[in-house]
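Novice: Sequence:
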Amino acid sequence: MGITKLADLIRFHAPDAISHKEISDFTGKVIALDTSIVVNQFRAATPTLSPLTGLFFRTLTFLEHDIKPVFVFDGKPPEEKTAALEKRAEAASWKCPNLTGTASSQTKDCLHLLKLLGVPFIQAPGDAEALCAQLVREGTADAVASEDMDTLPFGANILIRQLNAKRDSEVVEYSLPKLLEKLQISQEEFVDLCILLGCDYCDKITGLGPKKALTLIQKHRTIENVVLHINRQTHPVPHFWKYKEARKIFLDAPQTVDPKLIWTEPDEEALVGFLCHVKYVKVERVRRRMERFRQTRESKREERERDKAAGRSRQTRMEDFFRVTRKREQPVEAADSSSSNRKRPKST
DNA sequence: CGAGTCC
DNA sequence: TCGTCTGACACAAGACTCG
DNA sequence: TGTGTCAGACGAA
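So the first sequence is numbered by the working numbering: it starts at 1 and just counts up by one.
Hints in this document: simulated from the structure, not taken from any laboratory.
Remember, predicted model here, so these are calculated numbers, not experimental data.
Glycine is no exception: its CB is placed at the ideal position from the N, C-alpha and C atoms.
Mixed in with the good hints, there may be bad ones.
[Claimed, not checked] Below, in silico cross-link-like pairs of lysine-lysine (DSS-like), each with a Cα-Cα straight-line distance of 30 Å or less: (1) 5 x 219; (2) 211 x 5; (3) 29 x 178; (4) 166 x 5; (5) 260 x 5; (6) 178 x 244; (7) 5 x 21; (8) 166 x 282; (9) 244 x 211; (10) 260 x 21; (11) 108 x 81; (12) 212 x 166; (13) 182 x 5; (14) 248 x 260; (15) 182 x 29; (16) 81 x 282; (17) 211 x 242; (18) 76 x 279; (19) 81 x 5; (20) 182 x 21; (21) 5 x 300; (22) 115 x 282; (23) 260 x 308; (24) 244 x 5; (25) 282 x 308; (26) 204 x 260; (27) 300 x 260; (28) 212 x 178; (29) 260 x 244; (30) 115 x 76; (31) 115 x 178; (32) 81 x 204; (33) 248 x 212; (34) 219 x 182; (35) 308 x 21; (36) 300 x 166.
[Stated by the list, open to error] Computed Cβ-Cβ distance ranges for the label pairs, DEER-style: (37) 115 x 209: 37 to 47 Å; (38) 46 x 170: 15 to 25 Å; (39) 310 x 115: 29 to 39 Å; (40) 212 x 284: 50 to 60 Å.
Please take these sequences and the hints and turn them into a complete structure.
Specialist: Structure follows, in structure tokens:
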């Protein structure tokens, strides 16, 4: 999967690259999402029901916060990844969908749903994570939301985890520039570090964990030099180690036409027709959620109008304010300016 | 809020 | 001997609604 | 299916 040990490494060696926020801090931002990750989350959480409803609810929550999501779909995974995929598919008798490039019915349903929601989606040539990162690099998106850490070696400046629709969700933001500065390594060296930590694209050197790998990279800067300085007897290099290919996958940007992303109003009637008629979701649920969606949006719009009328003298950006005040451990009780507030003290 | 339900 | 890596294991993973 | 914790093994001072 992703580089699991990377999260621990960052937490320990570069905690300044991590900041805790909440959903409302991302108002107005364009967020790229790996669709397969999201759908798999819903499938894992509720195996008996369709992940479409989860996608429906969560996307509406994003839109309520004026977050502009763009969903990226996996293309054909690179050759190097098939080994990891086969190993994973072997454990679970679940078919790997996109080895052939044919879109599964699940994927088509997701595409249809997103179209009805008025949310743009992109087909990645290869790994969705790679394209998500590329969107951030070229400025098309502001951040990528994923549970998978390997968007960072792909070059996404900002990674957001735990971005869900829970009311009191703690969102975790990883800053790649801060991380590189703290670790005192370049992006290329960071990619080598991630390869040493263990990624999907090639083997790793057994016996080298996070601590040693970081130290070695900081000292010798490249995998080639690291290999020269370690004990080859105790830490044998894998046979036919394809680390160069893995490095290339991380560093080479996927070729893509820079897409025009357009968000339109959700088509409620079509959504009811699709979710309720075809997917047998309770009509009441969809209607009620759409009602809440419109209501939330209206109040936000009114709030914005009021702020605009109040003048620009108080135009200090909310996110900047939070960024300064928010500390790591204790989430600061935000300034409740007015109206609807569901903030709750943790202990009563 | 917590337990139950969604499909 | 300590620090570090590995492997085995338990566990939870979404979002809404009603009481 | 991934993640956190805890047992133990092994290499590095």
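Novice: Within 30 Å, alpha carbon to alpha carbon, are residue 178 and residue 244?
Specialist: Measuring from Cα to Cα gives roughly 26 Å; hence the hint holds.
Novice: Holds or violated: residue 115 with residue 76, Cα cutoff 30 Å?
Specialist: 22 Å, holds
Novice: Under the criterion that the straight-line Cα-Cα distance not exceed 30 Å, is the pair residue 81, residue 204 satisfied?
Specialist: 14 Å, holds
Novice: Need the status of pair residue 81, residue 282: alpha-carbon distance at most 30 Å?
Specialist: 40 Å, violated
Novice: Between the alpha carbons of residue 300 and residue 260, is the straight-line distance 30 Å or under?
Specialist: Cα-Cα ~26 Å, so holds.
Novice: Measure nothing beyond the straight line between the CA atoms of residue 115 and residue 178; if it is 30 Å or shorter, mark the hint as holding.
Specialist: 36 Å, violated
Novice: Keeping to a limit of 30 Å between CA atoms, is the pair of residue 182 and residue 21 held or broken?
Specialist: Judged against 30 Å, a Cα distance of about 21 Å means the pair holds.
Novice: Residue 212 and residue 178: Cα distance at most 30 Å?
Specialist: 21 Å, holds
Novice: For a C-alpha distance cap of 30 Å, please report whether residue 260 and residue 21 respect it.
Specialist: With Cα atoms ~29 Å apart, residue 260 and residue 21 stay inside 30 Å; holds.
Novice: Does residue 5 lie within 30 Å of residue 211 when you go C-alpha to C-alpha?
Specialist: 10 Å, holds
Novice: Between the alpha carbons of residue 260 and residue 308, is the straight-line distance 30 Å or under?
Specialist: OK: residue 260 and residue 308 at ~29 Å, within 30 Å.
Novice: For the pair supplied as a hint, residue 182 and residue 5, confirm whether the alpha-carbon distance does not exceed 30 Å.
Specialist: Cα-Cα ~17 Å, so holds.
When held up to the earlier numbered hints, the structure conflicts with 5, 12, 16, 21, 25, 26, 29, 31 and fits the remainder.
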